[in-house]
Amino acid sequence: MFALYKDAGYQDVLVEEKQALFDQVTQDMRYPETLYGCYECGICVAACPSARFYDFSPRVFAQVMAREDVHTFYELLNDSVWDCSQCFSCTCCPRENNPGAIITIMREVAVNNGLASAKEALQAYSRIIFKIMSTGTQVSPDMLQPDFFPDWGQDVRDVAENLDVWRRAIPPETMHTVELAWDVSEKTRLELYMIWKLTGNLEMIENIDEGLFMILEEVMEELLEEHGYDIDDFDNILED
Amino acid sequence: MALVRNCLLPSDLLYDVPTNIWVRELDDGMVEIGMTDIAQTLAGSIIHCRPKKVGKKVKKGKSVATVESGKWVGPVRSPFAGNITERNDAVVNDATILNRSPYGEGWIVRITPADMEGDRATLVGVEEASTLYEAYMQEKDLASCIHCEGFEE
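As you go down the protein sequences, you meet chains P and G in turn.
Number 117 in numbering that gives the first Met the number 0 belongs to position 118 of the first sequence; there are no gaps in the numbering.
Number 0 in numbering that gives the first Met the number 0 belongs to position 1 of the second sequence; there are no gaps in the numbering.
What the hints contain is simulated information worked out from the structure, not anything from laboratory work.
Residues from chain P shown here face chain G by an in silico Cβ test under 7 Å; the list is partial:
id : residue
1  : 129
2  : 144
3  : 213
Heads up, simulated EDC-like pairs for lysine to aspartate or glutamate below, C-alpha to C-alpha not over 16 Å straight-line:
id : chain 1 : residue 1 : chain 2 : residue 2
4  : G       : 56        : P       : 221
5  : G       : 52        : P       : 225
6  : P       : 196       : P       : 221
Don't be surprised by glycine CBs; every beta carbon is placed ideally from N, CA and C.
Please take these sequences and the hints and turn them into a complete structure.
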């Protein structure tokens, strides 16, 4: 089978396995609206911030998918797919391709199939996933820790050391907490959790990080229990 | 005390290497559990530790506490089935104790095991743990343990 890059990695992986994952992407209901052919003009690459910093090109994704090159597809799925910042600057394409959306679908396929690359890429974000799924806010001030932001140098040390003081210096709408960016009501948190659960997002998490799934389920189902909800009684929870 | 790539492994403890947990057998039939030096290194600066409430029943392999660092979160898995009989409120108030004193002040919960003999059989002593951790760190590409200022051996 033709491969865009003759040196495409993962030669030891069966072509059937690569094809099955490729098919999952092309069978996604969003896929037909992502690719209309490629002029190879490179406008998407010129607009792409990730292309400036990584060996990454949105054009390669469009070309590989159009050529049905499952070998290079598999390599991208295990590597470059995680270099995209999902800013969708690439939608400036004159053919109205959307390489960013191809990548969205590919990432979901990587996660749904529990690929090692997905586990590795998302490992550093476990607390962000935990935060958004248990509190409704994605980031919290206490994420500013010197070992996670070494590039901030002394600044992050100063901020981390006196975080609660810095928080008190900004408007009261932030609740002055360091654990949350802002306060989200319990009702909203429970609704969000039910949405994650009913739409299969929790299963995705379970495929990627079983430990994260375990604590998330425990924390949220304890909250449901506190409010007297039965986890299987979806209608009641959503109506209340 | 054994030393593997600058990681300390006290000789009087038992270990569950895959979950990075140490176990200390207490005189009253309880077991004390906590995170290893390797676990605190992998987590980085720990900012929250939330052990479950006293009286909670726990299954083997399930979570007895949630630990959060800057961007990482994970469970502390119990190597024993049983009941949580005590929890360490000191680590709730100051989770950095887990970085500073993982084997001393940084214990997390005490459990009364339901099947002490059966569950203990799955744990290993310091010698076997040292060999397993050498391989574990190789796999995780972890060169050595990192000890923060004030680390207590």
